[in-house]
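A.B. asks: So the chains spell out like this:
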Amino acid sequence: MTCLPAKTDKKLGLVIDLDTCVGCQACVTACKGWNDQGYGAPLSDQDPYGAEPSGTFLNRVHSYEVTPADTPPQIINFPRSCLHCDNAPCVTVCPTGASYKRTEDGIVLVNEDACIGCGLCAWACPYGAREMDAAAGVMKKCTLCIDRIYNDTLPEADREPACVRTCPTGARHFGDFADPESNVSRLSRDRGGVALMPEMGTAPVNRYLPPRRKDQAANTPLAPLVDLATTGLAGWLDRMLGKI
Amino acid sequence: MHPAPSVILFTVLSGLGFGFLAFLAAGLVGASGWAAFALWFIGYGLAVVGLLASAFHLGNPQRALRAFSQWRSSWLSREAWASVATLVFLAPMALSDWLGLGWPRAWGLAGAVMCLATVFTTSMIYAQLKTVPRWNHWGTPVMFQFFALAGGAILAGNRLWAAVMLVVLGALLTAHWRIGDGRFAAVGASIGSATGLGTIGTVRVFEQPHTGPNYLMREMIYIVARKHAQKLRAIAFGLAVVAPLAVVLGLPPGPLTVVLATALHLPGALAARWLFFAEAEHVVGLYYGQRGGS
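These protein sequence lines map, in sequence, to chains A and B.
At position 229 of the first sequence the residue is numbered 229 (the numbering used here), and the sequence of numbers has no breaks.
At position 160 of the second sequence the residue is numbered 160 (the numbering used here), and the sequence of numbers has no breaks.
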């Protein structure tokens with residue numbers, strides 16, 4: 001069971017647009033909220049209102065400062081969650097068969113009833129996508145909201161992962177990468193979608209759209225001020241200090 | 001990586017146990033009667049206590065039997081099979097040595113190979129992880145193997161075997177540290193490749209995603225040790241290799257020598273294994289700005 005399928009019928013996954021993400025953490029909250037009541041053991045918190053709060057999350061939003069060679073630094077918000085890898089190392093290391101990749105849609109899931117909580121799958125994942133729940137003692141990970149996307153009792157608009165549904169800027173997209181004309185395939189193709197840490201050989205399904213190159217103002221309106229000649233006391237100080 | 005006591009005890013004690021069992025099974029100890037019973041008991045005891053210790057870090061140990069199911073893909077599952085199969089397989093040899101039943105030694109030699117195979121499966125649990133470059137190379141299984149063989153030879157009270165194995169272990173331990181130090185850089189994972197932003201410019205952490213520690217940080221980002229790594233390496237090397245080597249070569253063979261050499265080697269092995277975990281950097285640390293590779 002922990003052997004990976006040679007091929008999956010669909011390749012469901014996410015495209016995350018780093019140009020659009022504003023780092024509002026709404027996806028983190030929506031994910032936590034949905035998975036407190038949906039598939040498997042609820043995502044628990046330890047000491048939530050105390051001095052050392054800690055908890056299980058399936059989605060975390062980092063912020064990075066990127067400095068290109070020729071433009072000023074920019075802040076990039078970076079949501080990190082399971083990439084539902086084709087060559088998922090978290091699946092093959094599992095000794096119990098709790099971890100598996102679905103043949104029908106490629107979703108990587110944990111059967112919590114079979115999980116012994118050894119934590120080896122979290123060690124095998126380069127992306128930190130798996131977190132052991134301290135209350136239940138089983139491994140938690142993104143399910144792509146499997147209890148939403150196939151749920152006929154929900155309105156059709158809600159049949160996508162909670163993080164995608166809630167994103168206020170439309171930075172997250174859900175679809176089938178096996179279909180070259182799906183929304184996610186086209187987005188990834190048009191915008192140069194990036195796979196994370198390809199050197200780990202995991203063949204991730206999810207893609208990240210790098211931020212578009214920023215325009216550069218040719219002349220800043222403050223430029224003339226820089227050349228202002230100092231006069232009076234300030235000018236004297238400027239000259240004297242320059243000599244020391 | 002977090003150096004969990006249960007996993008350190010598991011790998012060191014079961015490695016030592018299976019190493020010793022290999023020497024007993026191969027007939028290199030030459031005890032009979034109740035002396036043989038006592039020695040086999042120690043070997044089995046170490047192996048079993050080590051295996052039980054591994055259960056303590058499980059979130060749901062009551063389901064541990066399920067770990068036997070996925071031997072096709074999982075080294076952890078193979079380890080479960082190998083250890084149980086070896087312990088069962090060696091039982092007639094142990095009984096034969098104790099009661100003088102004359103069971104063929106070839107059986108024991110096959111069992112000795114199984115002991116080493118078990119240690120190999122243990123080491124592959126760590127060596128298979130691409131995410132921990134310090135572990136992910138040939139040196140890890142070989143180093144585990146020679147820890148088991150050196151410890152086993154010390155317990156077996158065999159001067160020549162112990163001296164040779166300790167010398168080889170010393171070389172391998174040093175090599176594993178040397179190679180390990182350059183592995184993270186060699187693998188090439190960086191904050192740039194982890195975020196995919198490296199092609200745009202230099203990347204650094206602006207703000208962490210959460211203000212408190214989480215499972216990932218507790219389990220996989222362990223930094224304290226690196227400050228004292230060099231001192232601890234010297235201590236581990238001195239206790240695990242140099243001191244027992246001096247005892248084995250300097251004192252006449254006998255139970256006292258065995259006890260003294262083991263009393264020095266075991267804490268050294270534990271220190272080395274503690275470093276094995278504490279020094280190992282997981283690539284997930286890159287997302288948190290914990291750069292690897294010195």
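Calculated directly from the structure, the hints in this document are not laboratory data.
Where hints are given, some of them may not hold.
Sample of chain B residues facing chain A (criterion: CB under 7 Å; computed from the structure) [to be verified]:
hint, residue
1, Q70
2, R105
3, G196
4, L197
5, Y215
Built from N, CA and C at the ideal position, the CB exists for glycine as well.
A.B. asks: Each hint needs a verdict: does it hold in this structure or not?
C.D. replies: Hint check results:
1. Q70: holds, 5 Å
2. R105: violated, 34 Å
3. G196: Cβ of G196 of chain B sits 4 Å from chain A, so the hint holds.
4. L197: holds, 5 Å
5. Y215: This hint holds: Y215 of chain B lies near chain A, its Cβ roughly 4 Å from the closest one there, short of 7 Å.
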